[in-house]
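These protein sequences, in sequence, are chains A and B. All residue numbers for the first sequence refer to the working numbering, where the first residue is 1 and numbers rise by one. All residue numbers for the second sequence refer to the working numbering, where the first residue is 1 and numbers rise by one.
Be a bit skeptical, because a hint or two may be false.
[Claimed, not checked] Listed below are the simulated DSS-like cross-link pairs for lysine-lysine, each with C-alpha atoms no more than 25 angstroms apart in a straight line:
hint: 1; chain 1: B; residue 1: Lys84; chain 2: A; residue 2: Lys53
hint: 2; chain 1: B; residue 1: Lys45; chain 2: B; residue 2: Lys33
hint: 3; chain 1: A; residue 1: Lys19; chain 2: B; residue 2: Lys42
hint: 4; chain 1: A; residue 1: Lys53; chain 2: B; residue 2: Lys33
hint: 5; chain 1: A; residue 1: Lys57; chain 2: B; residue 2: Lys84
hint: 6; chain 1: B; residue 1: Lys84; chain 2: A; residue 2: Lys75
hint: 7; chain 1: A; residue 1: Lys19; chain 2: B; residue 2: Lys84
hint: 8; chain 1: B; residue 1: Lys42; chain 2: A; residue 2: Lys58
hint: 9; chain 1: A; residue 1: Lys53; chain 2: B; residue 2: Lys73
hint: 10; chain 1: B; residue 1: Lys69; chain 2: A; residue 2: Lys19
hint: 11; chain 1: B; residue 1: Lys55; chain 2: A; residue 2: Lys24
hint: 12; chain 1: A; residue 1: Lys44; chain 2: B; residue 2: Lys55
hint: 13; chain 1: A; residue 1: Lys106; chain 2: B; residue 2: Lys93
hint: 14; chain 1: A; residue 1: Lys24; chain 2: B; residue 2: Lys14
hint: 15; chain 1: A; residue 1: Lys86; chain 2: A; residue 2: Lys58
hint: 16; chain 1: B; residue 1: Lys14; chain 2: A; residue 2: Lys75
hint: 17; chain 1: B; residue 1: Lys33; chain 2: B; residue 2: Lys14
hint: 18; chain 1: B; residue 1: Lys73; chain 2: B; residue 2: Lys55
hint: 19; chain 1: A; residue 1: Lys57; chain 2: A; residue 2: Lys19
hint: 20; chain 1: A; residue 1: Lys57; chain 2: B; residue 2: Lys14
hint: 21; chain 1: A; residue 1: Lys106; chain 2: B; residue 2: Lys45
hint: 22; chain 1: A; residue 1: Lys58; chain 2: A; residue 2: Lys44
hint: 23; chain 1: A; residue 1: Lys75; chain 2: B; residue 2: Lys42
hint: 24; chain 1: A; residue 1: Lys24; chain 2: A; residue 2: Lys44
hint: 25; chain 1: A; residue 1: Lys109; chain 2: A; residue 2: Lys86
hint: 26; chain 1: B; residue 1: Lys55; chain 2: A; residue 2: Lys86
hint: 27; chain 1: A; residue 1: Lys57; chain 2: B; residue 2: Lys42
In case anyone wonders, no lab produced these hints; they're calculated from the structure.
Okay, here's what each chain looks like letter by letter:
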Amino acid sequence: MYGLVVDTNVLFRALVNEKGGDYKAYRFVFNNEFRFYYHESRVKEFLEILQYKRISKKYTFSEEVLDVFMSPIRKYGESLEPEVVKICRDIDDNEVLGLATAATRKSGKVFLITHDEDLLDLNGKIETVEILRPGEFLRDQVPTPLRLRLR
Amino acid sequence: MQIVSSTDVQRNFKKISRMDEDIMVLQDSRPIKAMIHWEEYKRLKSLEKDYLRDKFDRMMAEVHVRNAKFSEKEIDRDVNAAIKYVRARRRHKRSV
């Protein structure tokens with residue numbers, strides 16, 4: 001089963017917006033076709049982002065919504081310790097990438113879904129990790145019957 | 001349903017695992033585990049997942065409607081600023 005790692009920016013967009021494929025990509029946490037991997041540091045970063053003034057004042061989501069949104073990660077995802085990689089300029093990007101490379105030990109091939117240009121630029125550098133935007137992932141990697149079911 | 005002790009499970013696992021009924025395992029007279037057929041376990045888990053997915057979709061549809069006024073560009077700008085801020089703060093904490 002292929003692995004899936006979703007970056008923080010995708011998570012936020014999935015929370016507030018159903019356009020752009022972020023929500024559909026995140027929803028794969030419920031599917032058996034991909035194995036979802038995460039690490040607590042990423043969850044923590046996501047929760048910190050929600051506390052950022054501009055975000056918390058502007059966007060509408062209750063604590064209950066947040067619980068429901070996050071619960072599938074812990075329930076169906078697998079927590080993994082990221083490997084140490086030093087490919088990106090940004091330490092945090094290295095951590096996301098390290099999570100994806102750690103996941104390849106379990107799933108063989110892993111899709112890292114992100115909007116981060118620095119990470120996207122690295123696509124093709126690691127054979128077992130494909131770094132894609134949500135739209136590209138849904139278009140190119142999700143089999144058509146499954147994609148139709150997602151509509 | 002059969003009720004067995006954890007000691008029974010340790011001593012007679014083979015026999016107990018062949019029982020057709022669901023099994024309640026007691027430790028110090030308190031129920032601590034249930035043993036059910038693997039197929040039944042999968043069926044229950046699948047029902048639970050369907051329920052959670054429906055709840056998730058229902059709730060998220062409401063949230064998406066409430067935030068629909070924000071363009072993707074605007075959301076991008078906001079989340080990128082938030083990530084930048086959170087990571088800078090974390091780097092600062094690491095350095096002190």
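Comparing the hints with the structure gives:
Taken as a hint, the Lys84 (chain B) and Lys53 (chain A) pair is honoured in the structure, with Cα atoms around 13 angstroms apart against an allowance of 25 angstroms. Between Lys45 (chain B) and Lys33 (chain B) the CA atoms are separated by roughly 16 angstroms; this keeps the pair inside 25 angstroms, and the hint holds. For the hint linking Lys19 (chain A) to Lys42 (chain B), the alpha-carbon distance of about 33 angstroms lies beyond 25 angstroms, and the restraint is violated. With a C-alpha separation of about 45 angstroms, the suggested pair Lys53 (chain A) and Lys33 (chain B) falls outside the 25 angstroms cut-off, and the hint is violated.
For the given pair, Lys57 (chain A) sits about 18 angstroms from Lys84 (chain B) by alpha-carbon distance, which is consistent with the 25 angstroms threshold. Between Lys84 (chain B) and Lys75 (chain A) the CA atoms are separated by roughly 29 angstroms; this puts the pair beyond 25 angstroms, and the hint is violated. In summary, the hint linking Lys19 (chain A) to Lys84 (chain B) is supported, as the alpha carbons are separated by about 23 angstroms, within the 25 angstroms threshold. Taken as a hint, the Lys42 (chain B) and Lys58 (chain A) pair is broken in the structure, with Cα atoms around 41 angstroms apart against an allowance of 25 angstroms.
With a C-alpha separation of about 18 angstroms, the suggested pair Lys53 (chain A) and Lys73 (chain B) falls inside the 25 angstroms cut-off, and the hint holds. Using a Cα cut-off of 25 angstroms, the hinted pair Lys69 (chain B) and Lys19 (chain A) holds, with the two alpha carbons roughly 12 angstroms apart. As the CA atoms of Lys55 (chain B) and Lys24 (chain A) are separated by approximately 15 angstroms, the hinted pair is consistent with the 25 angstroms bound. Between Lys44 (chain A) and Lys55 (chain B) the CA atoms are separated by roughly 24 angstroms; this keeps the pair inside 25 angstroms, and the hint holds.
The suggested pairing of Lys106 (chain A) with Lys93 (chain B) is violated, with an alpha-carbon distance near 33 angstroms, which exceeds 25 angstroms. A threshold of 25 angstroms between alpha carbons decides the hint, and for Lys24 (chain A) with Lys14 (chain B) the separation of about 44 angstroms lies outside it, so the pair is violated. For a cut-off of 25 angstroms, the pair hint linking Lys86 (chain A) to Lys58 (chain A) is broken: about 35 angstroms separates their Cα positions. Restraint check for Lys14 (chain B) and Lys75 (chain A): not satisfied, since their Cα atoms lie roughly 30 angstroms apart, outside the 25 angstroms limit.
Of the supplied pair hints, the one linking Lys33 (chain B) and Lys14 (chain B) holds, its CA atoms being roughly 17 angstroms apart against a limit of 25 angstroms. Proximity of Lys73 (chain B) to Lys55 (chain B) is assessed by CA-CA distance (about 28 angstroms); at most 25 angstroms being required, the pair is judged violated. For the suggested pair Lys57 (chain A) and Lys19 (chain A), the alpha carbons sit about 21 angstroms apart, so the restraint of at most 25 angstroms is met. Using a Cα cut-off of 25 angstroms, the hinted pair Lys57 (chain A) and Lys14 (chain B) is violated, with the two alpha carbons roughly 59 angstroms apart.
Taking the CA atoms of Lys106 (chain A) and Lys45 (chain B), the gap is about 23 angstroms. The hint holds against a cut of 25 angstroms. The suggested pairing of Lys58 (chain A) with Lys44 (chain A) holds, with an alpha-carbon distance near 20 angstroms, which does not exceed 25 angstroms. Between Lys75 (chain A) and Lys42 (chain B) the alpha-carbon distance is near 15 angstroms, which keeps this suggested pair within the 25 angstroms criterion. The straight-line distance between the Cα atoms of Lys24 (chain A) and Lys44 (chain A) is roughly 22 angstroms, inside the 25 angstroms bound, and the hint therefore holds.
Annotation: proposed proximity of Lys109 (chain A) to Lys86 (chain A) holds, straight-line Cα distance about 20 angstroms (limit 25 angstroms). Among the hinted pairs, Lys55 (chain B) with Lys86 (chain A) is inconsistent with the structure: their alpha-carbon atoms are about 40 angstroms apart, more than 25 angstroms. For the proposed pair Lys57 (chain A) and Lys42 (chain B), the alpha carbon gap of about 42 angstroms is over 25 angstroms, so the pair is violated.
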